[in-house]
Structure formats: structure tokens, C-alpha cells
Amino acid sequence: MSEPAPKAAADLERFPVGEMIGTVVENTAVNDGYNHLVLDAPRGAATAKAGQFFHLLCPPTGEHTPFLRRPMSIYRIDRGQGRLEFLYKIVGGGTKALATLKAGDGLNIFGPLGVGFTLEDGWKHVLMVARGVGLATLAPLAELAAERDVRVTAILSARSPEFMMSEEYLRSVGAKVITVNDADGTSNVDDVERTVRGIVEAEGVDLLATCGSNRLLLMLQCLAREYGIAGQVALEQLMGCGIGMCFVCVLPFRTPDGLAYRRVCKDGPVFPIEEALSW
Amino acid sequence: MSEPAPKAAADLERFPVGEMIGTVVENTAVNDGYNHLVLDAPRGAATAKAGQFFHLLCPPTGEHTPFLRRPMSIYRIDRGQGRLEFLYKIVGGGTKALATLKAGDGLNIFGPLGVGFTLEDGWKHVLMVARGVGLATLAPLAELAAERDVRVTAILSARSPEFMMSEEYLRSVGAKVITVNDADGTSNVDDVERTVRGIVEAEGVDLLATCGSNRLLLMLQCLAREYGIAGQVALEQLMGCGIGMCFVCVLPFRTPDGLAYRRVCKDGPVFPIEEALSW
Amino acid sequence: MVDMSVQIGRVSLANPVMPGSGTFGEGLDDVMDLNRLGAIVAKTITPEPREGSPLPRVVEYKDAFLGAIGIPNKGPEHFVREIASFYRQFSPPFVASISAPTVEAFGKIAADVSKPGIDILEINISCPNLEKDGKAFAMDPDATEKAIRRITECTDLPVWAKLSPNAGDAPTVAQAAEAGGAEALTVANAMVGMAIDAEAMRPRLGNITGGMTGPATKPVILFMAYQVARSVSIPVIGCGGISTAEDAIEYMLAGASAIQAGTVNFIHPAAMLDIIDGMEAYCRRKGIERVSDLTGALDDDEGMKLEQLAKSA
Amino acid sequence: MVDMSVQIGRVSLANPVMPGSGTFGEGLDDVMDLNRLGAIVAKTITPEPREGSPLPRVVEYKDAFLGAIGIPNKGPEHFVREIASFYRQFSPPFVASISAPTVEAFGKIAADVSKPGIDILEINISCPNLEKDGKAFAMDPDATEKAIRRITECTDLPVWAKLSPNAGDAPTVAQAAEAGGAEALTVANAMVGMAIDAEAMRPRLGNITGGMTGPATKPVILFMAYQVARSVSIPVIGCGGISTAEDAIEYMLAGASAIQAGTVNFIHPAAMLDIIDGMEAYCRRKGIERVSDLTGALDDDEGMKLEQLAKSA
Ligand SMILES: Cc1cc2nc3c(=O)[nH]c(=O)nc-3n(C[C@H](O)[C@H](O)[C@H](O)COP(=O)(O)OP(=O)(O)OC[C@H]3O[C@@H](n4cnc5c(N)ncnc54)[C@H](O)[C@@H]3O)c2cc1C
Ligand SMILES: Cc1cc2nc3c(=O)[nH]c(=O)nc-3n(C[C@H](O)[C@H](O)[C@H](O)COP(=O)(O)OP(=O)(O)OC[C@H]3O[C@@H](n4cnc5c(N)ncnc54)[C@H](O)[C@@H]3O)c2cc1C
Ligand SMILES: Cc1cc2nc3c(=O)[nH]c(=O)nc-3n(C[C@H](O)[C@H](O)[C@H](O)COP(=O)(O)O)c2cc1C
Ligand SMILES: Cc1cc2nc3c(=O)[nH]c(=O)nc-3n(C[C@H](O)[C@H](O)[C@H](O)COP(=O)(O)O)c2cc1C
Ligand code: FES
Ligand code: FES
Numbered sequence: 000m001s002e003p004a005p006k007a008a009a010d011l012e013r014f015p016v017g018e019m020i021g022t023v024v025e026n027t028a029v030n031d032g033y034n035h036l037v038l039d040a041p042r043g044a045a046t047a048k049a050g051q052f053f054h055l056l057c058p059p060t061g062e063h064t065p066f067l068r069r070p071m072s073i074y075r076i077d078r079g080q081g082r083l084e085f086l087y088k089i090v091g092g093g094t095k096a097l098a099t100l101k102a103g104d105g106l107n108i109f110g111p112l113g114v115g116f117t118l119e120d121g122w123k124h125v126l127m128v129a130r131g132v133g134l135a136t137l138a139p140l141a142e143l144a145a146e147r148d149v150r151v152t153a154i155l156s157a158r159s160p161e162f163m164m165s166e167e168y169l170r171s172v173g174a175k176v177i178t179v180n181d182a183d184g185t186s187n188v189d190d191v192e193r194t195v196r197g198i199v200e201a202e203g204v205d206l207l208a209t210c211g212s213n214r215l216l217l218m219l220q221c222l223a224r225e226y227g228i229a230g231q232v233a234l235e236q237l238m239g240c241g242i243g244m245c246f247v248c249v250l251p252f253r254t255p256d257g258l259a260y261r262r263v264c265k266d267g268p269v270f271p272i273e274e275a276l277s278w
Numbered sequence: 000m001s002e003p004a005p006k007a008a009a010d011l012e013r014f015p016v017g018e019m020i021g022t023v024v025e026n027t028a029v030n031d032g033y034n035h036l037v038l039d040a041p042r043g044a045a046t047a048k049a050g051q052f053f054h055l056l057c058p059p060t061g062e063h064t065p066f067l068r069r070p071m072s073i074y075r076i077d078r079g080q081g082r083l084e085f086l087y088k089i090v091g092g093g094t095k096a097l098a099t100l101k102a103g104d105g106l107n108i109f110g111p112l113g114v115g116f117t118l119e120d121g122w123k124h125v126l127m128v129a130r131g132v133g134l135a136t137l138a139p140l141a142e143l144a145a146e147r148d149v150r151v152t153a154i155l156s157a158r159s160p161e162f163m164m165s166e167e168y169l170r171s172v173g174a175k176v177i178t179v180n181d182a183d184g185t186s187n188v189d190d191v192e193r194t195v196r197g198i199v200e201a202e203g204v205d206l207l208a209t210c211g212s213n214r215l216l217l218m219l220q221c222l223a224r225e226y227g228i229a230g231q232v233a234l235e236q237l238m239g240c241g242i243g244m245c246f247v248c249v250l251p252f253r254t255p256d257g258l259a260y261r262r263v264c265k266d267g268p269v270f271p272i273e274e275a276l277s278w
Numbered sequence: 000m001v002d003m004s005v006q007i008g009r010v011s012l013a014n015p016v017m018p019g020s021g022t023f024g025e026g027l028d029d030v031m032d033l034n035r036l037g038a039i040v041a042k043t044i045t046p047e048p049r050e051g052s053p054l055p056r057v058v059e060y061k062d063a064f065l066g067a068i069g070i071p072n073k074g075p076e077h078f079v080r081e082i083a084s085f086y087r088q089f090s091p092p093f094v095a096s097i098s099a100p101t102v103e104a105f106g107k108i109a110a111d112v113s114k115p116g117i118d119i120l121e122i123n124i125s126c127p128n129l130e131k132d133g134k135a136f137a138m139d140p141d142a143t144e145k146a147i148r149r150i151t152e153c154t155d156l157p158v159w160a161k162l163s164p165n166a167g168d169a170p171t172v173a174q175a176a177e178a179g180g181a182e183a184l185t186v187a188n189a190m191v192g193m194a195i196d197a198e199a200m201r202p203r204l205g206n207i208t209g210g211m212t213g214p215a216t217k218p219v220i221l222f223m224a225y226q227v228a229r230s231v232s233i234p235v236i237g238c239g240g241i242s243t244a245e246d247a248i249e250y251m252l253a254g255a256s257a258i259q260a261g262t263v264n265f266i267h268p269a270a271m272l273d274i275i276d277g278m279e280a281y282c283r284r285k286g287i288e289r290v291s292d293l294t295g296a297l298d299d300d301e302g303m304k305l306e307q308l309a310k311s312a
Numbered sequence: 000m001v002d003m004s005v006q007i008g009r010v011s012l013a014n015p016v017m018p019g020s021g022t023f024g025e026g027l028d029d030v031m032d033l034n035r036l037g038a039i040v041a042k043t044i045t046p047e048p049r050e051g052s053p054l055p056r057v058v059e060y061k062d063a064f065l066g067a068i069g070i071p072n073k074g075p076e077h078f079v080r081e082i083a084s085f086y087r088q089f090s091p092p093f094v095a096s097i098s099a100p101t102v103e104a105f106g107k108i109a110a111d112v113s114k115p116g117i118d119i120l121e122i123n124i125s126c127p128n129l130e131k132d133g134k135a136f137a138m139d140p141d142a143t144e145k146a147i148r149r150i151t152e153c154t155d156l157p158v159w160a161k162l163s164p165n166a167g168d169a170p171t172v173a174q175a176a177e178a179g180g181a182e183a184l185t186v187a188n189a190m191v192g193m194a195i196d197a198e199a200m201r202p203r204l205g206n207i208t209g210g211m212t213g214p215a216t217k218p219v220i221l222f223m224a225y226q227v228a229r230s231v232s233i234p235v236i237g238c239g240g241i242s243t244a245e246d247a248i249e250y251m252l253a254g255a256s257a258i259q260a261g262t263v264n265f266i267h268p269a270a271m272l273d274i275i276d277g278m279e280a281y282c283r284r285k286g287i288e289r290v291s292d293l294t295g296a297l298d299d300d301e302g303m304k305l306e307q308l309a310k311s312a
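Chains as they are written, first to last, in numbering that gives the first Met the number 0: chain A, 0 to 278; chain Y, 0 to 278; chain X, 0 to 312; chain H, 0 to 312.
Source of the hints: derived by calculation from the structure; they are not laboratory data. Possibly wrong hints are sitting among the right ones.
Pairwise CB distance ranges (calculated) [to be verified]:
#, chain 1, residue 1, chain 2, residue 2, range
1, H, Ser113, Y, Leu258, 31 to 41 Å
2, Y, Asp148, H, Ser84, 38 to 48 Å
3, H, Glu301, X, Lys131, 57 to 67 Å
4, X, Lys131, Y, Gly91, 12 to 22 Å
5, H, Lys131, X, Lys73, 29 to 39 Å
6, A, Ser159, H, Lys285, 23 to 33 Å
7, X, Asp196, A, Arg158, 17 to 27 Å
8, A, Lys95, H, Arg229, 53 to 63 Å
9, H, His77, Y, Thr185, 43 to 53 Å
10, H, Ser232, Y, Arg253, 52 to 62 Å
11, A, Thr99, X, Asp196, 35 to 45 Å
Simulated pairs of lysine-lysine, PhoX-like, Cα-Cα distance not exceeding 25 Å [to be verified]:
#, chain 1, residue 1, chain 2, residue 2
12, X, Lys61, H, Lys61
13, H, Lys114, Y, Lys95
14, H, Lys134, X, Lys134
From the three backbone atoms N, C-alpha and C, an ideal C-beta is built for every residue, glycine too.
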């Protein structure tokens, strides 16, 4: 299929979501298996919110011809420079194709999409607990909190220190960062739970936010209930359309009427922590 | 489909035809719209004959994903260096994809295929009349003739002098070259016919060989009949398999039993001139 | 100026382009001006609410979408109250898509959704017929005719029947739908297929089998549209692998009076606008005054047979 | 050591890989050792010689081959004299493929080709039945059963029936072929499709419609093989879009006992050898002792439905 020029809606207010061509500024390996993609995409950067995602049309290459778009959380929104950043793990055909992009190449992206994180007025302290590529999704929340003078503590969990991404970036936006990893044994859930309890009890926390680990999610669900703190989790699921039309991306949730499927793309990807099921 | 390593038959005698990866030595524009491709392909070069072709698996690119192979006449066989050369016109997806190849790239080729030109013992003079990319197909005949001490006269017809390819190459293998073109009006069929008659009557000709023009074919058919000279024509037709299995590449021919379809890939691409129909 | 309007039975559309059922949603209102569409087609609803198929629900395979969604929906009451009323703000005709497991249930749901704000009923008969061993209505001319007839008895709205490419004999089913009172035929729904993960030795879809849609299906469904258009006198709406204006024009030439775009909406969300613009540009370039003149305009004389060549040689 | 042999009715094959009819020819003898194949399948022959379809005969569309060849052949006598005797030099069983326009003609051609050197008859029933409005035998269980029965009366050779994906109800046709006496079923032939040149407003094939084959068809035919294998007790030979060992394994898991590779022979002429080697490597890696153990080994429990999740939550 030859690439149609995306219909850029003239009226951003009326049509806030759109297909657009971002220009690659940078697409470099962060560490083994992860890439950092910086796009010049002023229209996207103007409207994107923390926790939202874009749906990327990974370029066909000789080897890979991804057919559907691939969803990626926004890792950073740089409104000043009109840029969007993504942090992605290379796993299959789509992300392999993505990794072939070079500075100056165009990338067709669609968004911004989904329901992001909510910061309620009066909240003073957000505790983020992220693992692996889940860091990517939580990073914009830290920046949003900083803008609103909400304090952020971030516990980053990874396989080993080399896989610890965005630590610097989080510190730079004023977050207090605690890192744990599997290599030195600090990342087991019991230890992390102890750390979280310590922070909640010592400093008070208004929001527990998480992404990227089922076991951390379960643990934080319990603590949120126990301490009566709000919790939000960003979830992932294979997607078709990305805007709520195809019902491909559903996951089961606890709802007032019992278990029900909800669309990760449109009803989420950020959900109240108490509604998420472990997977 | 990921590229399987072609099964290189260990035994070239027993399995003379095969799929192989040639390495691009050169793939450059000859003039507007034509490319010259040189491949390192020792196995192919060892067995290929004048008038045969290879079936090329044009590489998928972002834009073009040719599914079937594309047939290309061999333009030159350099047995010494183990190289095959092709001269191709960029017309559609397959040849556009081909044009993206750079020196050092691999190209999956299958062959050598088809029935080439025949030089009978005792022949002394071959007159080739070629137009456009038909030059590519006739060139190896000139070289074959030279090896056998058969004299070659080549009339090359093209739109304009810029499109006159392989003139130098033909002269280098000892052919006498006459060029005609549309731009200066020398290429009209009546003029060419007069030239051919002149050569036949003055020098004697044992084989009239042609490729690339329907009107030249018609004219040469008549002269071959009139003078009782052998004639051979190299034909083209869209192909599937390239080795006689699919019956996609048929063209109608005059045969002793009346009109019948024959496969260009297996029964040709070189046919006795009297059997060819105009198209 | 090209006249882009087309007539589908009683209904006149501003242009021939609309979404396929289940490949469209409110989300697109944030992306483009829905008033530019020829019609708006809603996702299929069933008499009882459904949660849909087990996960995973999609796998891509080359140029195809293989999905098993299972028609999740909240039933006719919610549809009329919430969905149809949302779309009342837009000018294109609004098409409800309905499905049911029995002839009677088809009649009832047709009556239930024949409410203001709903202009047309598209009948998704690719669903199992519980009265006949679960074989889909669309596979069976007799069941198709009965269902469509019952529906037309229960509603005054125009009825479009959406055929299935899995039926062996498309013209017969098409004629049955016409005989039952359909005003148009949508050709066609998804092709049943499956995908297997050889490593895991498991199906790749939660539902084991799914519907194949997208570009890979175009040759087969284009032929079906061609064949059906020649065997009925009601309009055909082409649907299967249409991603570009060129695809849409091919369907029109084959005999379709309008087209639906499905999977492409997931890839290029504003594709339908490109299709409309591209069809108009094609007509302008070719000096075709009305897009409806494309319908059936294919020059389909067969190529010359050898015997004919022999005569002319 | 993996045991690569498979049993198809009375015949034992050294391995499960063979070419699809019409996608193989003597030309391959120059390319590879034909003795490595599980069987050799010839191009279909008909009672009367045929020149085949008008030109052009092929158009490619994405991952598909759309061809209208029209079964050019020189009839049964030439087949037995020239073609079958050529293949006697090779060890794999030699399968003749036959087609005919009437039940009687099917019987006659079956008898005519039941000669030494021919080990199996594959029946191409995707051809028009001149006794029934030209509808293909394979679309009609009754005609299929009659044709296969008549053939089995006229030959002692094992008979394989090659089904069509264009039939709506594959299991019923499959059961009819089994009832008629088929020893195996080849699933399946090409899917009917068409392609149009929008600029020229003409079909792209001389014959207007053609058969779609190649990778794009795999999800649909794989499902058909799965469905058919569950509804008959004779072996199924999978055929549709198989290009790699992985594809072949998917068909075996779905229930096939052997496979045929078609279009891929045009792209990678030695692909069948890669498929054999790849299947063997897969079995070795997985500790599967006999390739025949793959047949039907798919774990096809459905994914969890929401109600089940609710119980387990
Ligand atoms: C809202 C959202 C935000 C995401 N944000 C990020 C991000 O910031 N960084 C990042 O690296 N990844 C993110 N993902 C996951 C990312 O979309 C998948 O890794 C990607 O689609 C894989 O594509 P592929 O073609 O490389 O792999 P495929 O070949 O398609 O699949 C490889 C493996 O990944 C699984 N997979 C494929 N798509 C998804 C998906 N959408 N969700 C979960 N698993 C999937 C497949 O089942 C398979 O096991 C996000 C997913 C969602 C839904
Ligand atoms: C035996 C043989 C030898 C050939 N040698 C040469 C050669 O030395 N140099 C060269 O430039 N070309 C040669 N050709 C033609 C070449 O194969 C086609 O130009 C090429 O396949 C076009 O591929 P494409 O994908 O670029 O174009 P497509 O998009 O496939 O087609 C573009 C146009 O070319 C026509 N076409 C496609 N394939 C063929 C074909 N096989 N024969 C004739 N027309 C075709 C199509 O109908 C269409 O009009 C040869 C063809 C044959 C059969
Ligand atoms: C995710 C998805 C959901 C669909 N849901 C329905 C549906 O509810 N009712 C229906 O009649 N068709 C449904 N279809 C079929 C489409 O309407 C359309 O017939 C099909 O996708 C073929 O068109 P395409 O090739 O352009 O996608 C669905 C298709 C997809 C991809
Ligand atoms: C060019 C061509 C010719 C064919 N001829 C025949 C034939 O004569 N008889 C037959 O039963 N099938 C014929 N087929 C169908 C193949 O045997 C096979 O069923 C089909 O190609 C599907 O397999 P594939 O997807 O691997 O190509 C032909 C297919 C092609 C592509
Ligand atoms: S991806 Fe289509 S509804 Fe979520
Ligand atoms: S290309 Fe297949 S027979 Fe010639």
C-alpha cells in the first residue's frame, strides 16, 4: 500500500486526534534490546498527555512488513521543542522495523490516544513503582507532577543496573529515585513492599502509580486498599485500531457489575488500580 | 517469507540449474531508465549460454514487494571472472526494487534457464538486428560468434543516440556495428530493411537474429523466407516459474499442426523466426 | 464537478463510501468530519448482550487481519438509547447492523431497532442459525430468504443483507436475499480462517478460528461482488480489502454501487476521506460525470482464445 | 533419527512433502533430486487435449498468485506414453491428476490412466460439471460422491479427491468424497478471485477470473483442512500457501497427514527440500519421533471465556 499523505485536520480543536508524520531526530540503543526514539512532531506534542500513547505505523522493511500499527506509550512530551519521545523494547517484527529508522526519516504516528493519568487537585505526593519498559509509561507522570508542584518518588526495578533507564531523566524533573534490581537481589517484591510501606507511613502518599509488573501490581493493589490511597495502573494489550472501534484490546476488569471486558485503548490504558485483574 | 539459503546442488553436472545468491559488483544507470547490473555468480557464469536467462528474486523494499521472480536475459557472461551481467529497463515494482541494490548486496537468482541461440557448424556471418533492451539479449550471441570465429554485424536501433547501449561492448568483441535511431530518422523499418538487404546481398548471411521489436521481426521474417536464411528471435512474455511448469508464459506460434501455444521459458526464449507470430 | 451521489434502493447517499460494520466507532469523530461519509454503519448488535470472544482476539498475517471478536455488544435497548442517539448529530444516513440466532429473533430485533435516528438495517447473516445445526444463515439460501422476509415484515426501513464469502454459491444466496425483500446486498463479510503457532502447537486466536479481512482478501471478494452484481437487480455494496480509491473503483467497475472500508480504518483512520477524494479525482481525470457511471463499467470481454487468434492470424 | 514416513491410505510415503498438481514439471529434475520427495504429482489432464486460457495468465497481488491457466494438456494417451514413462525413473509414488466434465468421462479417464507407472489418482473436481449447469463438482456433495464412486469402480488405484475452497460446506463435500471411496482428500485447490486494472477498466487476466494461490490463502485453507480433518476418517493432504516447514507443520498440527507445496515452487524451486529438512529439524528439536505424530496434535482448547475467568478470579 503506498503511503497516503495523512489528512492533517486543519482544526486541531475539533479534531484533536490524527495521523501525522513525525521526523526522527534520534533513534538509538539505550541498552541491549531497548531503543530511545525522539520524533519531531509538533502537532502531537501540543496535545499529548501523560499516560497516553501513540499508534505507530512501523515502516515495512525488506524483512518485516508489519501490517497493523503498534501502540507505544509516550515517554516524554517536549512541548517547547515540539517533540515526542518513546522508549521501546525490540521484541518482534514491528519493533525491529522501528529500530531501522534513522535521523531524518519520517514515521507515521496516530494519536494521542487513550485515557492517561489523573492528578487530583490537592494531591501532594505520588509514588511510582515501575519495572522494565513500564518506566517509559510512568515518566511523563513525573514531569506532569513536577509542573503541578506535586512531589514524586519513583521506585525503578530492573533486571540489572544496565537496564535501569530514565533514572537521570526522572531525577532531572525533580523525582526522588530509588533503584532496585534482580542482580543484587533488591528487587524482590517483599523488599519493595517494605520500602513502599516505609514511604507511605513516613511521608504520606496520595497516588500509587504502576506499570510493567504483575507482581508489583498485586502488591500495590493490596497496599492501596489497606491504606485507602488512590492507585492507577497503566496496562498493555495487543491492539487493532487504538481508538475503541475493534474491541481487540480488551482485558477483564472488576466492575460494579462483576467481571467485564474493557478496551485498553479507549477506556485506558490507565485504569484505577482496584479494577485491574492480575494477569 | 524469510529467505531460505538456496540449496546449492553439490553436483553441477547432475543439477545444472539452481537457485544461487549472486553478489552485486555494480548496479549503475546506463542512461535514463536503464541499469547495468554486474553480479559475482561463478556457478551461474560457468554454465550459462547465449540467449538464456535468469529468473531474479527482486528484493522486497519498503515500497515494493515483488512476489514472483522476474526474468532477465543474460547480457554478458564473463566466465573468467565468474560474473553475469544484465541490462534492464526500470518499468515496474520488480525492476524498481532491483535498482535499489548496491555493490556488495546479495541477489537471489535462479538459472540458467531456457533455450538460447544456436550457431550451426559452418556458419560464417551472423546479422543481428536489435532494438531497445533487445540489445541485452543479443549481446552474448555476438560474443559466442566471436569465440567460434563467426563474423557478426549488428544493427542497433534506439529512440535516440543516448539510448544506444552496448555499442562499445559489441565492437570490443569484434562485431561490426551499425546504429540507427528515431531522432535522426534512420531507424524506420524501410531504411533498416534496405540496409539488411544490402548486407545479405553483398556479404552473405547465415543467421538473422533479432529481439525487441515487432516491426523488425516481421520484416526479418519476410527476408529470411525470401533469401532462405535461418532466423532466430528471442521473445518475452510474463512468467511464473521460468522452468516450464506453470504454462503462464505461453505465446502462440505457427507450428506444423497450425497455431499452438509454446512456453517462452522452456521452449524458448529463442525460437525459429518463421514460427513467431507478430504481437 | 463530479456528481458523487449514489442511490441504494430508497436511499440516496452523498457519496459511495462508508465503513464496514465493526470497524468504525465514535473515536473517529475526534479524527475527521464524519459528515463527509456516504453513510455511517454501526457495529452489529444481537438480541442479548455479549462479552465477545476469548483472548487474544487478533493476529496479523501478511496483509490480513485475522480477528475473532465475537460481536461484543450491549443489546438493542442500549443501542437505540446511547449509540443511535449519539449519531443523530451527523447528517449521513445511519445504518444499524443486526444479527440473531433464529428467524423470529431477527424479526424481533429488527422491530426493536426501527426507531427514529436509524435509517437503514444491515443484516449480518454470517452468524450461526440455531434452528439449523448452527450453520450460518448466509451459507443457506433458504434460511437467508426466510430471515430477510421476516425482517422486512417487521420493519419499514430499507434492509441490506450482508452476505458471507464462506457460502459456496454466492449468486443463489444473493437471489434468496433479494427474493426475501432486501433492497441492497453488502458483499461481503470476513472469510473464516485460522492461524497456528507451530512452536506452541496452539491456535493463535482465543476463539481458534477467526475472520480474515484486509487487502489479502480482495481478489476473492472482488470476484464475489462481480458475480453477485450480475445475478441480482438490487444494488451491491462492495466490501473486502478496500484500502484505497483504486480498490474502491475496482469494486464499482465490477458492479458495486457503493463500498465499505473495514480494516483500513485501523491502519489509516482517515482512509475513507482519501478514498472519496481519490474516486472523485479519478472521475475528473477520466471525464466521468457521475461516480455512479462506474458501476459495472468493466470491459469484460474475454481475452482472445487461441482459436480466435488462429482466425485472425 | 526422526521417522519421516507417513501412510496415506494404502500408500506409504517416505516423507509427507509433495508438489501441488500443476506446479511441478520435468524442469525440476535439473534443479534437485526428485527422489527426495514424498510423492510426485503431475499436472491435471482432461479427456480432450486443451490449449488453456487466453493471455495474460497470471497477475501477482501482494503475497498471492492469481492465475488462469486453463489446464493445458495433451490428453490421457500422451500422458501415459510420455509423461508417466518419464517419471518411472524416480522412486517416489507417481500421482496422476485427472479432471472431466461428466461422471462417465471421469470413469473413463480414470480407466485410461490406470497404467503401470501410475500409482495414485488425484481427482481434480474443481472443474465445471457439464451435467449440472457447469457448477463445479467440488461445490456439490452429490456430484462429488457420484464422480468419486464411478472412478473407484473404474480403477484399482488409490483415489485422492482434491476439494475446492470455494465450496461453502467443506465437511459435507469431504464426507461425500469419503463415501464415494476416496482414500485421501487433498485440501484444497485454488480460491477463485479476480483482479481489475482500474486505469484500463479491464480485468487483468485473459480469463477474467483466476485461481488465487500462495501465502495469502493460508489462513482460509488451513482452517478448511482443520475442519475437514475433523469430519472424515481418511487422511487429509494439506495444500494452500505452504512455503516453509513451519507452514507445513501448521497443516500437520491442524490434522493433515501430508502436504503439497504449490506456488512456492515458482519462487524457490527447491523449497520442497527445505520443507522436508525443516520438518525433520523441528521434530528432532521437539523430541518428536515420527513426523506422523504431528497430525492433529494441535492443542485446541479454546481460550478462557469471561465467565470462566470470573469463576477462577
Ligand atoms: C498502550 C500501550 C503502550 C505500550 N507502550 C510501550 C512502550 O512504551 N514501550 C514498549 O517497548 N512497548 C510498549 N508497548 C508494547 C508494544 O506495543 C509491543 O511490544 C509491540 O507492539 C510489539 O510489536 P512487535 O511487532 O515488535 O512484536 P510482535 O511480533 O507483534 O509481538 C512480539 C510479542 O509481543 C507481544 N505483543 C505484541 N503487541 C503487544 C501489545 N500491544 N501489548 C503487549 N504485548 C504485545 C506479542 O504477543 C508477542 O508475544 C505498549 C503497548 C500498549 C498496548
Ligand atoms: C526471457 C526474458 C528475458 C528478458 N530480458 C530482459 C532484459 O534483459 N532486460 C529487461 O529490461 N527486461 C527483460 N525482460 C522483461 C522483464 O522481465 C520485465 O521488464 C520485468 O519482469 C518487469 O518487472 P517489473 O516488476 O519491473 O514490472 P511489472 O510491474 O511486473 O510490469 C511492468 C510492465 O511490464 C510488463 N511485463 C512484466 N513482466 C514481463 C515479462 N516477463 N515480459 C514482458 N513484459 C513484462 C507488464 O505487463 C507491465 O506492462 C525479459 C523478459 C523475458 C521473458
Ligand atoms: C475487528 C472487526 C470487527 C468486525 N465486526 C463486524 C460486525 O460486527 N458485523 C459485521 O457485519 N461485520 C463485521 N466485520 C466485518 C467488516 O464489516 C467487513 O465486512 C470486513 O472487515 C471486510 O472488509 P475489509 O477487508 O475492508 O476489512 C468486522 C471486521 C473487523 C476487522
Ligand atoms: C499455475 C498453477 C497451475 C495449477 N494447476 C493445477 C492443476 O492442473 N490441477 C490442480 O488440481 N491444481 C492445480 N493448481 C493448484 C495447486 O495444485 C494448488 O492446489 C494450489 O496452488 C494451492 O497451493 P499453493 O498455495 O501452495 O500454491 C495449480 C496452481 C497453480 C499456481
Ligand atoms: S484497539 Fe481497537 S478497540 Fe482497542
Ligand atoms: S514461466 Fe512457467 S511455464 Fe514458463
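Do the hints match the structure? See the list:
no.	hint	verdict
1	Ser113(H) / Leu258(Y): 31 to 41 Å	holds, 33 Å
2	Asp148(Y) / Ser84(H): 38 to 48 Å	holds, 42 Å
3	Glu301(H) / Lys131(X): 57 to 67 Å	violated, 23 Å
4	Lys131(X) / Gly91(Y): 12 to 22 Å	violated, 49 Å
5	Lys131(H) / Lys73(X): 29 to 39 Å	violated, 47 Å
6	Ser159(A) / Lys285(H): 23 to 33 Å	holds, 32 Å
7	Asp196(X) / Arg158(A): 17 to 27 Å	holds, 26 Å
8	Lys95(A) / Arg229(H): 53 to 63 Å	violated, 37 Å
9	His77(H) / Thr185(Y): 43 to 53 Å	holds, 50 Å
10	Ser232(H) / Arg253(Y): 52 to 62 Å	holds, 54 Å
11	Thr99(A) / Asp196(X): 35 to 45 Å	violated, 26 Å
12	Lys61(X) / Lys61(H)	holds, 9 Å
13	Lys114(H) / Lys95(Y)	violated, 50 Å
14	Lys134(H) / Lys134(X)	holds, 22 Å
Hint compliance for this structure: hints 3, 4, 5, 8, 11 and 13 are not met, and every other hint is.
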